[in-house]
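Full structure from sequences and hints, please.
The opening residue of the sequence shown carries number 276 in the working numbering; numbering runs sequentially from there.
Treat the hints with care, since some could be wrong.
[What the hints assert, rightly or not] Under the rule of at most 25 Å between Cα atoms (straight-line distance), these lysine-lysine pairs were calculated in the DSS-like manner: (1) K322 <-> K336; (2) K493 <-> K474; (3) K404 <-> K493; (4) K336 <-> K493; (5) K354 <-> K336; (6) K354 <-> K377; (7) K354 <-> K322; (8) K377 <-> K407; (9) K377 <-> K404.
In short, the hints are calculated from the structure, not lab data. Computed from a predicted model, the values in this text were never measured in an experiment.
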Amino acid sequence: MNDLLHIANLEKHYADFDLAGISLSVPAGSVVGFVGSNGAGKTTTIKSILGLVNPDGGTIKLFGEDVTHLAPSHLATAKQRIGVVFDTCSFPEEMTVATVGKLMASCYHAWSAPAFSTFLRAFELPANKTVKELSRGMSMKLSLASALAHNPELLILDEATAGLDPLAREQALDTLRLFMSHEGRGILMSSHITSDLEKIADYIVCIDEGRIVFSVEKDAITDIAGVAQCRAAEFDAITDSGFFAPRTMHFERATYGTTVLVPDRLAFSAQFPAVTVERATIDAYMSLMLKGEVR
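And the structure:
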């Protein structure tokens, strides 16, 4: 499987923050969810991919070509194949929606005015409204329509569904599913709304304090992993059983018991049938990996 994006050991150093050893890939045909708290390094990573930040180390490959230190004029060729949506609308406030389409047509060789018009109708975006008249949700839809209308191979979305109500988010996810129905495409999707990622992602990559904490298939979280609720005696039995290798058990203590992250809930249930185990969500998995104690 070819990687549309491949990052290896990316580094970027600031006075108060270090991005260190970041490695991730977006294989063709896959959606990669990129998660982590605010300030964890997601946007710095994305800006490095797009050449908006100059890395201090590591490599970035787009469509098989090393673009880590390419001049903007050379990187522009690769950007023709990428659609980008940031967490805020980047178009001038005085522009109308229709004028945004004309601006984008001058930027992308493969721009399709009919496709842009189709997205505007689907998203119910009036062509005569200015950017400043749009709600946050509507401006996100405009950004998404602009990112898709030049037929990109790779979408990079930084909180693209933020500000959308549940129905609008589902519409946006349907649009992304349609995008992915074409062979050879991929999405890197940064989002705090992990329920969206549970619906569309193939892989989940979590970053915290500038470092990758885990990178796993989404199904390994939502279909295989579990969250066990243990009383004190049960927790002691689990820790003494050898079920977990050293330094692989993640847990959180509370007043009425302990929550344990279980990598395989069926295997866990077979060994500890009296302990309640539920399916893991991305939120629960991430919380226990980031905030839990480790034994």
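Margin query: For a C-alpha distance cap of 25 Å, please report whether K354 and K377 respect it.
Written below: Holds - the C-alpha atoms of K377 and K354 are around 18 Å apart, at most 25 Å.
Check: Within a Cα-Cα threshold of 25 Å, do K377 and K407 meet the stated pairing?
Finding: At roughly 17 Å apart (the allowed maximum being 25 Å), K407 and K377 satisfy the hint.
Check: Within 25 Å, alpha carbon to alpha carbon, are K404 and K493?
Finding: Violated. K404 to K493 sits at ~39 Å, over the 25 Å cutoff.
Checklist line | Hinted pair K354 and K336, Cα distance within 25 Å | finding: holds, 12 Å
Margin query: Would the hint linking K336 and K493 be met if the CA-CA limit is 25 Å?
Written below: Cα-Cα ~23 Å, so holds.
Item checked: Pair hint K354 and K322, alpha-carbon separation not exceeding 25 Å -> The given pair, whose Cα atoms are some 12 Å apart, holds under the 25 Å limit.
Next item on the list: Assess, step by step, whether the Cα of K493 is no farther than 25 Å from the Cα of K474, and give holds or violated.
Entry: holds, 10 Å
Note to self: Just to be careful, I want the Cα atoms of K377 and K404 compared with a cutoff of 25 Å; is the pair within it?
What the structure shows: holds, 14 Å
Notebook entry, point to check: Keeping to a limit of 25 Å between CA atoms, is the pair of K322 and K336 held or broken?
Noted result: Holds. K322 to K336 sits at ~14 Å (cutoff 25 Å).
Checked against the numbered hints listed earlier, the structure breaks hint 3 alone; every other hint is satisfied.
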